Amino acid sequence: MSGVFMGMPAFPEAAREAVRDERLRANLRHATHTIRDKRARAVAELDDWAELREAGKRIKDRTLRHLDTYLLRLEEAVTAAGGTVHWAADAAEANRIVTDLVKATGESEVVKVKSMATQEIGLNEALEAEGIRAYETDLAELIVQLGEDRPSHILVPAIHRNRGEIRDIFRETMGGWGRPAPEGLSDSPAELAEAARLHLREKFLRAKVGISGANFMVAETGTLVVVESEGNGRMCLTLPETLISVVGIEKVVPTWRDLEVFLQTLPRSSTAERMNPYTSTWTGTTDDDGPSAFHLVLLDNGRTDALADEVGRQALRCIRCSACLNVCPVYERAGGHAYGSVYPGPIGAILTPQLRGTASEVDASLPYASSLCGACYEVCPVAIDIPEVLVHLRGRVADRGGPGHRLEKAAVRAATWVLDHPGVLAAGERVASRTRGLHPKRLPGPGARQWSESRDLPELPAEPFRDWWKKNRPGDRA
Amino acid sequence: MSQNSRERILARIRSAVADAPEAPEVTRAYLTRHTPDDPEAVLDLLHENLADYRARVHRTDEAGLAALIARRLEERGARTCVVPDGLPAEWLADATAEAVPDGRLTPAALDAVDAVVTGCALAVAETGTIVLDGGPGQGRRALTLVPDLHVCVVREEQVVASVPEAMPLLDPRRPLTWISGPSATSDIELDRVEGVHGPRTLEVVLVRGRA
Amino acid sequence: MRVALFVTCVNDAVFPSTGVATVRLLERLGVEVDFPAAQTCCGQPQFNTGYRRETVPLVRRTVRAFEGYDHVVVPSGSCAAMVRHHYPSFGPEAAALGPRTYELTEFLVDVLGVTDVGAHFPHRVTYHPSCHGLRMLGLGERPRRLLEAVKGLELVELPGAEECCGFGGTFAVKNPDVSAAMGADKVANAVSTGAGVLCGADNSCLLHVGGMLSRQGAPLRAVHLAEILASTEEEPWR
Chain Y
1 MSGVFMGMPA
11 FPEAAREAVR
21 DERLRANLRH
31 ATHTIRDKRA
41 RAVAELDDWA
51 ELREAGKRIK
61 DRTLRHLDTY
71 LLRLEEAVTA
81 AGGTVHWAAD
91 AAEANRIVTD
101 LVKATGESEV
111 VKVKSMATQE
121 IGLNEALEAE
131 GIRAYETDLA
141 ELIVQLGEDR
151 PSHILVPAIH
161 RNRGEIRDIF
171 RETMGGWGRP
181 APEGLSDSPA
191 ELAEAARLHL
201 REKFLRAKVG
211 ISGANFMVAE
221 TGTLVVVESE
231 GNGRMCLTLP
241 ETLISVVGIE
251 KVVPTWRDLE
261 VFLQTLPRSS
271 TAERMNPYTS
281 TWTGTTDDDG
291 PSAFHLVLLD
301 NGRTDALADE
311 VGRQALRCIR
321 CSACLNVCPV
331 YERAGGHAYG
341 SVYPGPIGAI
351 LTPQLRGTAS
361 EVDASLPYAS
371 SLCGACYEVC
381 PVAIDIPEVL
391 VHLRGRVADR
401 GGPGHRLEKA
411 AVRAATWVLD
421 HPGVLAAGER
431 VASRTRGLHP
441 KRLPGPGARQ
451 WSESRDLPEL
461 PAEPFRDWWK
471 KNRPGDRA
Chain F
1 MSQNSRERIL
11 ARIRSAVADA
21 PEAPEVTRAY
31 LTRHTPDDPE
41 AVLDLLHENL
51 ADYRARVHRT
61 DEAGLAALIA
71 RRLEERGART
81 CVVPDGLPAE
91 WLADATAEAV
101 PDGRLTPAAL
111 DAVDAVVTGC
121 ALAVAETGTI
131 VLDGGPGQGR
141 RALTLVPDLH
151 VCVVREEQVV
161 ASVPEAMPLL
171 DPRRPLTWIS
181 GPSATSDIEL
191 DRVEGVHGPR
201 TLEVVLVRGR
211 A
Chain Z
1 MRVALFVTCV
11 NDAVFPSTGV
21 ATVRLLERLG
31 VEVDFPAAQT
41 CCGQPQFNTG
51 YRRETVPLVR
61 RTVRAFEGYD
71 HVVVPSGSCA
81 AMVRHHYPSF
91 GPEAAALGPR
101 TYELTEFLVD
111 VLGVTDVGAH
121 FPHRVTYHPS
131 CHGLRMLGLG
141 ERPRRLLEAV
151 KGLELVELPG
161 AEECCGFGGT
171 FAVKNPDVSA
181 AMGADKVANA
191 VSTGAGVLCG
201 ADNSCLLHVG
211 GMLSRQGAPL
221 RAVHLAEILA
231 STEEEPWR
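Chains as they are written, first to last, in my numbering: chain Y, 1 to 478; chain F, 1 to 211; chain Z, 1 to 238.
Isolated chain Y (complex conformation):
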């Protein structure tokens, strides 16, 4: 994944910083709570939400089970419609393909539609290294790019910024990238949107190459779908002469009809709208309408590793709606940057360790970045059981026996042994109860220290329940 995330500290350390950042906490709290209630209302409008969710889950599962078939069908249909299909096994290959395609046009700048796949592979940096400048055109991506920042949310990468910060970024940096921010720019969202419109318009009008991802690809027809709000997507998909779309292989769906499910569930789950302002679909190229050259780069980059995991593969159902981020109490406090990946939040915590493995410190810490409260699973429009996958990945991390996990395993084994010997357990409980007067409310030592930094330990009871039972219900069997 993108180089900017390399060398990240483990989640707990990164989160510690975020928790103490009052402004960040306030920004995240405001934004996530705003969208949470709206989503709930938008979803409640549809009586058949459960059925749509089940259909979406099954469509994705069926596609994944026969992914080779559907990708080949897609390739055939795209090619027949005048497009060219490329296959990229990893980020480096995808970047090389795209760079070569751009170079072949003779252009040195491209306009981009917001795309998770191109962020994942670090395409902008790869293009920059070859002297090609990529302009992000989604408002939030623009804020991140101008602010030399990192994205912290799937749908709204600049969610960690409030309107005042955005105004300052626009004022200070727009001039360096093109048309400067209007004089006297205020922090009203409407004025900020207008500033982005003016700044980007000249870039759209002169662009010769557009780069996008896609929300869906339809195997039977070769159709690609981009769901957006601002119209920057339409600009990039329509005005340039060459369009290059980089799309993860899991984004394919078998039939045109399948879209009727996702076009109902995605907008309501992501922006809490009945429908997003703009959805574009295109199939290869069309004479006299839009780009005359279309390239589709199909990206693996770890997806087939996830596919091989019988529990973890459900993460590939994800349609990138962000509902799980918006309801997650951990994301709300830790912020997106702590996840050390372009995929933050609950879905990131199960996707990143599968795409990148669990060798690095941050990736190994991600499966634990959850209290397993299950709010993510509840809102997921394709029913990804995120807590189940988290627990499964914890097992993988524990098996690898990385730093700390050897000691933990020994402790867990010892605990299991005691719990499997009720006599020993009872004796231990009694000793603890009898010495309770000696127990402080704060304890030193690993685990206990983390616990007692902010919480008192309870006073231990005079006797464990099993002793009370023995005394008070003596006649009983058991």
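It should be emphasised that the hints constitute simulated quantities derived from the structure, not laboratory data. The structure presented is a predicted model; accordingly, all values stated were derived computationally and were not measured. Errors might be hidden in some of the hints.
In silico lysine to aspartate or glutamate, EDC-like type, Cα no more than 16 angstroms apart, as pairs [unchecked claim]: (1) Z/Lys151 <-> Z/Glu233; (2) Y/Lys203 <-> F/Asp111; (3) Y/Lys103 <-> Y/Glu241; (4) Y/Lys38 <-> F/Asp111; (5) Y/Lys38 <-> F/Asp52.
Given the coordinates of chain Y, assemble chains F and Z onto it according to the supplied hints.
Chains F and Z alone, transformed into the frame defined by chain Y:
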């Protein structure tokens, strides 16, 4: 290289799912529509949902259409209006704005045009959406994107209730644009603001009675 | 009807009063309760931390301990959810325990068919629905209906009730800062209600929130639902 990667990816997929059980059949127990089969109510719902997302909605019949379009253009101060191929000439009969035929105008030339008037392929009431497919009277995609005012004519018989009803009526081989209100963004504090890159004003004219 | 109490390891060692209250409540309702002494822990802490192999002996022990009982009552949504949702992955014998296992409020409302258990608890109470009971078991309105029927009890709405308190088992020590931040918000919401008692149906969550209440000297104590339901005019609970 890419040829090798193609085979490699396909092989990796096949080995990844080799032991996986067959996935259950897709169930489509969801509703085909959420609205009663009452054309009047469906039209009202389209009106309501378009307006909810800040489109301006107007109603007229065939006889009043030209005057209404002329008034919309005038009130919005449009001096020029791009005309897609196949747009019924009578729609613009009363308009004072200068009609600019689309002879493959460049993006920059389109940017200098104030407005566009189009028909549509269909409209979806439950989501407040109009869909354009580049057919006669709709033009290529850039026409409804670059000018800042889009006046879209929807005939009552083009309105369907729901997304599932729309899908079989649309031809995926044509480039489609689904439009639900003027351009908007939720990128600042996850709150919705209208008016970014696409047309900032969307005027929808609902026409009663068959042409 | 043979009914067994699965008191859970946390209640056994740290909150025996919840076990005692559960016994007293069930007996008052005419249920004869057993306590199979072979029981210890359902294995959830091991399981949720990624130690599946280490969970196996505890699953086996739990299944054996409750063999032959028609109903196993657990005053913990989290442990009940472990048995019902995760035991099936440990084989058919373990799976068979799930349908016989009831979280306390499920047993009262669904099996015994009561919501008014004849309790008396003259306090202002706010209720925190713990995540596993709320989302994995779908306890829904059961706890609230039971509390509303308690005489003298004034139930007040907890803002952000459905948000996790931040306990999450080992999460509390692996991610102490985020856990504490979540707990602090829960505490602030609880304090804002003006209630004197924060009620929950899972003592592991109350261990965490209660620990924060105590540390902050908040005018609120955490009490398990069973202890409120066990309380009567004649025998008030604390």
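Inset, instruction - Would you list, in rising numerical order, the hints stated earlier that this structure does not obey? - result: 4
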